[in-house]
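Colleague: Using the hints provided, position chains B and C relative to the given structure of chain A.
Chains as they are written, first to last, in the numbering used here: chain A, 1 to 405; chain B, 1001 to 1405; chain C, 2001 to 2405.
To be clear, the hints were calculated from the coordinates, so they are not data collected in a lab. Idealized CB from N, CA, C, for every residue including glycine. Hints may be right or wrong, so weigh each one.
Listed next, with one range per pair, are the computed distances between beta-carbon atoms [unchecked claim]:
hint	chain 1	residue 1	chain 2	residue 2	range
1	B	Val1291	A	His283	51 to 61 Å
2	A	Thr379	B	Gly1327	57 to 67 Å
3	C	Leu2341	A	Glu33	54 to 64 Å
4	B	Ser1145	C	Trp2332	29 to 39 Å
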Amino acid sequence: AGNKSIVVSGSSKSTMKVSGRVHVDAWGFDHDENINDIAANDTDENNRLGFRRLRFGVKGKIKDNMIYKIEMELAGGNASEFRDAFIGWTDLPFLQEVLLGNQKRPYGLDHLNSSRYNVFIERPFVIEAFNEDARRLGLQAYGISNDQAWNWRYGVFNGRNVQDEGNYVGDHLQLEIAGRMANTLWYDQTSGGRGYAHWAVSGSHSDVSSNQDEDEGAVAESRFRTRPEARTAGTRWLDTGRIAGLDYYNLLGLETVVNLGSLQFVGEYQSNWGERDGAEDIHLHGAYAYVSYFLTGEHMPWDRESGTLGRVTPFENFWLIDRAGGGKAAGWGAWQVAARLSYADFSDEDVQGGEAESLTLGLNWHWNTNARMQFNYITGEIKNRTDLVGTGNYDVYGARFMVDF
Amino acid sequence: AGNKSIVVSGSSKSTMKVSGRVHVDAWGFDHDENINDIAANDTDENNRLGFRRLRFGVKGKIKDNMIYKIEMELAGGNASEFRDAFIGWTDLPFLQEVLLGNQKRPYGLDHLNSSRYNVFIERPFVIEAFNEDARRLGLQAYGISNDQAWNWRYGVFNGRNVQDEGNYVGDHLQLEIAGRMANTLWYDQTSGGRGYAHWAVSGSHSDVSSNQDEDEGAVAESRFRTRPEARTAGTRWLDTGRIAGLDYYNLLGLETVVNLGSLQFVGEYQSNWGERDGAEDIHLHGAYAYVSYFLTGEHMPWDRESGTLGRVTPFENFWLIDRAGGGKAAGWGAWQVAARLSYADFSDEDVQGGEAESLTLGLNWHWNTNARMQFNYITGEIKNRTDLVGTGNYDVYGARFMVDF
Amino acid sequence: AGNKSIVVSGSSKSTMKVSGRVHVDAWGFDHDENINDIAANDTDENNRLGFRRLRFGVKGKIKDNMIYKIEMELAGGNASEFRDAFIGWTDLPFLQEVLLGNQKRPYGLDHLNSSRYNVFIERPFVIEAFNEDARRLGLQAYGISNDQAWNWRYGVFNGRNVQDEGNYVGDHLQLEIAGRMANTLWYDQTSGGRGYAHWAVSGSHSDVSSNQDEDEGAVAESRFRTRPEARTAGTRWLDTGRIAGLDYYNLLGLETVVNLGSLQFVGEYQSNWGERDGAEDIHLHGAYAYVSYFLTGEHMPWDRESGTLGRVTPFENFWLIDRAGGGKAAGWGAWQVAARLSYADFSDEDVQGGEAESLTLGLNWHWNTNARMQFNYITGEIKNRTDLVGTGNYDVYGARFMVDF
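This is chain A alone, in the form it adopts within the complex:
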């Protein structure tokens, strides 16, 4: 392409970077009959094949110190949505960086990690249930200490996920204040970050509408639900429903990461106390822990600015290719194995969202910095769930192909 076909941004005062990702997933479900009662259509969960993420977006800077981002999610076909969609200010005194718009709420390391870098295909019960789809309309500040040891984010959010609607309509603002303070307490500079340790504490206070009727104005954002750490259709296997009388809830999250070369330990715990009018208060909670290891010697990088996982760089890229100049070249990519234990209890008093535990075994095959395959085997059980008789056991098999650009 010649000089004239170079793409330029709409304004001479703004820059633009265009990026995207493609995630193609396959899921197979095998469960006992009890699960039928909580799966879609009151029948067995169907297998699934298709796009998990098909994203495309632009971001850039606006002179002097502003930024913007619009990201689209096209994997829903007719039901396209937006993801990150914000304007922001950088280099601010005291506040450092502030974003206004649709952005991730600041709790749950596994949600703050990009889906491009996460070790397992889907997120743990508790992380997804207490922060469904993560992003909300809000105003959030992002900061970091000069020595990069501490980073934090805090802000106010509206409780509704508006990625499919674009706007929140309602007289009850359903405001939430939330924040996260993270500390990289050890980071081995000499090895280029192959050793590090991190901990963080996060929390939120969410004011919830008492309106339980979806037809009138504000819908109460008082529901916690999630899939079985795999992509089921329609219904969520764990679901509290809208909790009657919920006035507000407080969330506390604790997280830690320890990385020793190719080996990584990660754990999180989240606890959710709900205050109800005319009913007993409730306490829901959950946790997960995993260990991952690179058979080929690489490590999981750490981003000290955001306190999240970074992009893996294989020692050698994967594939046997025919070189243009003749001859062949081979490389095996990076191989990573992982095991995760996850637990959640969303049942308390009359709220019976379900109690679940599961084990996930994972294999990640990183082809290059921008592409990888993931394989997950999940075995779990659910009990104490409305509509579920006794205990439901299940096995799930998943695979993902992924690139980002």
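Modeller: Relative to chain A, chains B and C alone:
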């Protein structure tokens, strides 16, 4: 990013510019009980928070003398739409520029102005009601005189808004011919355009289907409706409904702008005569006028090629930032105040779309050429409206954050 | 635009090309009363005006040997869809290129041709009916012989069109294996490809779910349907419905192209044998042939790598333009005429999808390499169709404006 990551257009014969905008709005409504009857769900209008515009698009040239544009509106979440979507020819003898596709109809200065430059958050009653969502499928020529004193646009359009459907289906074409002749009768070159005067006349003749049934083929484009110059949900507070028996309507628009440095006067009047079969003809009309003033000395630029408002450049950009090289820099941006009076009468004979008047006070804080905040306070009343008993009074508070790139 | 406004891709390891197309169509229908029974709403087919394609997409390379593509179709307004959406590997030993994701199934030259290059506005009965919307989730290899005489593609696909849903959900995988072997048996290098001959054979074996109920899991992909080679609303004039008891079907396609300078002959035949449980097996088939000729002497280029039509380059571009330096320049573009005969028989045993034949006369006015107008006149008849009494005759008039970039 290195050389290889430069984005190029799909064809060596075409150029591409990528642009977009993010508008984040908050609205609060306060009205008397009478308004309940015309607001959504027969209850009080809910407050609103979210994206008003989330746009992204590409445009460019195709060798030798063609142009193209596709612009998406993502603020609706699942309900994405397109906006400008056309192909065109430039440098034509006599016709100058011709566009085919979805583009703005040529009447109403306040609609022809980009939402990036308009002084108030939302458009006046009459401008939006007689040209709902502005864009239609059409073929329109755009011209300008050599001395830039005169510019014009005229063309034929289909009457239906197809931004949500993509196509018009119907045997009655519902064609409209429309045009606008504009004159910049004074433009002070020496001050760089700080002084100018403009007037324009526009008109249309719209042939309307008599089919009043949405289920069969062509739906009659014989409805005029609008919100209270603020973003309400669902229903329009002013709405004639589909006017029984309407055969065609003729529209006449007059507009003027006088700019004296930081001070600007703008006024428009539009009149709409409807010819009906088997019923009395009707006459609907409305007007608005506003004055705006920059406290910080800037002026509203004028685009003589299109006869519309241009992009404001603050004398100094806003924000206190930490400079990379140490030290701080501060600037206050540009501050603009404005007041608008708006009136519309959409009630005549048996058509009772409503009669409304409102006052809007506005404050615009321009941070830089690509970003600003807007604040509006609106107070108004509606009467002579079907379903409305007596007079409805309301106050509305609005704020917008806006960037474009 | 300055240096800073150059758009870059999201990763330094990936390249990006942005492209799109705009197709604006107008259709007029004139048919006898019998057709009312198979047209939308049991009434006469309405005329149509709007966007047929409004596409925008990105594609590029990922170091070392991967590629990606995401393409959006916005012509549906609220109902946006994706088209090509895949990741892939190039320079592979033996397999050469492999794509995973949404891509065209490998049968029907007229479907493999890009809509940017096809000679007629819409595709023939049999090509569209046996490969509705062409693209499916699949894994397909693409190869070519060293002398460019042979090229092939083969792979496995899921039978469902997921462009509107993003995922296939169902326990019956409805797998299809399909392939195409193509041979450019003559290619006149000395004239730059003004003479060539091509033939290809393609086939598929499609395993179909027996589930006929759309409400439960996998929907049986056992329906063949198409419009009358023109863009009707809603219903398809030819439609087998879901074929009761269909277990699998086998498809065989034959195609040939002979090009002699400005003159081109194209023909295809496809035959579809369906194996049913508890009912007679069925045989559906169809064919078309066309001749096209450039009045202005150009030729239809041939892409030997894919075995499909290429982009036409007019000897001189169209339009009378005012040159910036004074004077005028004129050119008449390229003019092409064409005639197509098409036949299809989708009725056998109790399956009465219809038997149709039609003649299409076409005129293509190529303005430049990226823009053209197309005019089609179609006359045809349909019989042996469920809900249709006797024979239905119709005439259709179509026009298209098209650019790509």
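Colleague: Look at each hint and say if it fits the structure.
Modeller: Each hint, compared with the structure:
no.	hint	in the structure
1	Val1291/B x His283/A: 51 to 61 Å	59 Å, holds
2	Thr379/A x Gly1327/B: 57 to 67 Å	60 Å, holds
3	Leu2341/C x Glu33/A: 54 to 64 Å	57 Å, holds
4	Ser1145/B x Trp2332/C: 29 to 39 Å	30 Å, holds
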